[in-house]
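Asker: The chain contents come next:
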Amino acid sequence: EDVVPTQRVEIDNEVALRRIRETIQLDPSLPWTETLAVSCPQTIEVDVDDDLNRELAFYKQALHAANTARTLAASHSLPFTRPSDYFAEMVKSDAHMERLRSRLLDERAGIKKSE
Amino acid sequence: MDADDEVQQPKQKRNKQRVLLLSSRGVTHRMRHLMNDLETLLPHVKKDSKLDSKSQLHLLPEIADLNNCNNTLYFEARRHEDLYMWAAKTPNGPSIKLHVQNVHTMDELKMTGNCLKGSRGILSFDKAFDETEWGKLTKEVFTHIFGVPPLARKAKPFIDHVLTFSILDNKIWFRNFQILEKDPLQPNGPPQTSLVEIGPRFVLTPIRIFEGAFGGATVYSNPEFVTPASARSLVRQNKGDRYRQRKD
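Protein chains in written order, with the numbering used here: chain A, 546 to 660; chain B, 580 to 827.
Since the hints were made in silico from the structure, they are not lab data.
Any given hint could turn out to be false.
In silico lysine-lysine, PhoX-like type, Cα no more than 25 angstroms apart, as pairs [stated by the list, open to error]:
(1) B:750 x A:605
(2) B:626 x B:733
(3) A:605 x B:706
To be clear about the criterion: a stretch of chain A counts as covered by chain B if any three or more of its residues have a C-beta under 8 angstroms from a C-beta of chain B, and this derived list gives those stretches [what the hints assert, rightly or not]:
(4) 572-583
(5) 650-660
Incomplete in silico selection of chain B near chain A, CB under 10 angstroms [unchecked claim]:
(6) 672
(7) 679
(8) 680
(9) 691
(10) 697
(11) 698
(12) 704
(13) 709
(14) 747
(15) 748
(16) 778
(17) 822
(18) 824
The model shown is predicted, which means the values in this text are computed figures rather than measured ones.
The C-beta atom is built at its ideal place from N, Cα and C for all residues, glycine as well.
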């Protein structure tokens with residue numbers, strides 16, 4: 546009586562998908578510096594519910610991308626590292642970072658107290 | 580890409596992208612903050628006011644055109660709790676409809692990273708995107724939308740964060756990390772790259788891919804997708820069943 550309907554039609558029109566991708570594709574002759582996209586050579590195979598290992602896998606993927614991008618940027622002579630005397634507006638405001646810091650300090654103090 | 584570029588031969592070809600970002604009515608504070616985060620992270624985004632009607636999505640390509648945008652990121656809120664994201668190339672399509680879950684915004688205090696406002700992020704895709712045809716198309720569209728073009732007006736000249744997209748459990752997981760090139764404990768030691776998460780984070784479940792912009796033939800549909808409303812009703816039903824069994 547109350548069976549979940551699972552007979553859903555799957556549509557996967559690969560021919561159309563490929564055609565669409567080819568029409569919107571960026572010019573392959575564009576240098577890498579135009580998109581900054583990096584592909585990771587590995588697929589992620591971890592248990593979805595295992596938070597720690599999952600986040601670690603994402604971290605590794607991002608780290609691989611950061612390292613590849615730095616070598617690529619060097620070969621394209623694109624500035625990568627921010628010089629220490631370059632100041633500009635950040636994504637998170639100083640007030641927000643200050644709240645973060647005070648929270649971290651509070652946590653550390655709490656741990657010390659419990660010891 | 581442009582006719583002008585072919586005339587002036589020596590001129591370099593450029594990646595020109597602009598993204599229109601807008602939402603439907605009825606977004607909650609969390610959804611609104613997520614949109615604000617995306618706006619601060621992506622300097623080539625043009626934010627517009629909420630779209631009045633959920634049934635008239637065909638207006639979106641026109642709005643995008645009026646704002647000189649060739650991409651649209653539209654957030655659709657349903658029942659004040661479900662959030663859908665449309666990632667579309669306007670005016671000719673394709674468009675991808677995704678269900679957004681597990682949203683954490685940058686305001687949360689657990690993520691300690693920070694980066695320059697408007698710096699160009701590296702886009703990182705895992706290999707699973709290249710294994711299916713819909714994955715390849717999604718990767719292409721996301722490269723257009725989330726990749727900051729070098730000539731974006733407000734872009735900063737240095738690179739200090741990575742946006743990662745990973746496919747796991749048939750869902751696309753989004754993370755944003757800051758790149759730290761010096762160990763804060765040993766500022767004079769050898770440079771060692773490490774990452775700190777900045778936020779936001781969210782998980783996207785692909786639902787459908789349409790050929791046109793906000794319409795047209797379906798070229799992909801995810802058979803595993805269960806609408807959040809039916810998932811909730813199933814939970815309620817199970818609860819009711821349990822009660823009935825106990826009573827008998």
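Asker: It remains to establish, for every hint, whether it holds in the given structure.
Answerer: The hints, checked one at a time:
Proposed proximity of residue 750 (chain B) and residue 605 (chain A) is supported: the alpha carbons are some 18 angstroms apart, at most 25 angstroms. At most 25 angstroms may separate the alpha-carbon atoms for a hinted pair to count; residue 626 (chain B) and residue 733 (chain B) meet this at roughly 14 angstroms. Only pairs whose Cα atoms come within 25 angstroms are accepted, and residue 605 (chain A) paired with residue 706 (chain B) is accepted, the gap being roughly 13 angstroms. Chain B is given as covering the stretch 572-583 of chain A, and this holds because 9 residues of the stretch bring a CB closer than 8 angstroms to a CB of that chain, at least three being needed.
Coverage of the stretch 650-660 of chain A by chain B is violated [criterion: at least 3 residues with CB-CB distance below 8 angstroms; count 0]. Taking 10 angstroms as the C-beta contact cut-off toward chain A, the hint placing residue 672 (chain B) at the interface holds, the least distance being around 7 angstroms. A cut of 10 angstroms between beta carbons decides the hint on residue 679 (chain B): the least distance to chain A is about 17 angstroms, and the hint is violated. Violation of the interface hint for residue 680 (chain B) is found here, the shortest Cβ-Cβ separation to chain A being roughly 12 angstroms, above the 10 angstroms cut-off.
At about 6 angstroms, the closest approach between the beta carbon of residue 691 (chain B) and any beta carbon in chain A falls short of 10 angstroms, and the interface hint on this residue holds. Because the smallest distance between the Cβ of residue 697 (chain B) and any Cβ of chain A comes to about 8 angstroms, under 10 angstroms, the interface hint for this residue holds. Here the hint on residue 698 (chain B) is kept, as its CB sits about 8 angstroms from the closest CB of chain A, short of 10 angstroms. The beta carbon of residue 704 (chain B) is positioned within 10 angstroms of a beta carbon in chain A (closest approach about 5 angstroms), and the interface hint is therefore held.
At a threshold of 10 angstroms, the smallest CB-CB gap from residue 709 (chain B) to chain A is about 7 angstroms, leaving the interface hint in force. Using the Cβ-Cβ criterion of 10 angstroms, the hint placing residue 747 (chain B) at the interface with chain A is satisfied: the shortest such distance is roughly 5 angstroms. Given the 10 angstroms rule on beta carbons, the hint for residue 748 (chain B) holds: about 4 angstroms separates it from the nearest Cβ of chain A. For residue 778 (chain B), the suggested interface contact is upheld, since its CB lies about 9 angstroms from the closest CB of chain A, less than 10 angstroms.
Residue-level restraint check for residue 822 (chain B) is violated (minimum Cβ-Cβ distance to chain A is 15 angstroms; threshold 10 angstroms). Because the beta carbon of residue 824 (chain B) sits about 14 angstroms from the nearest beta carbon in chain A, more than 10 angstroms, this interface hint is broken.
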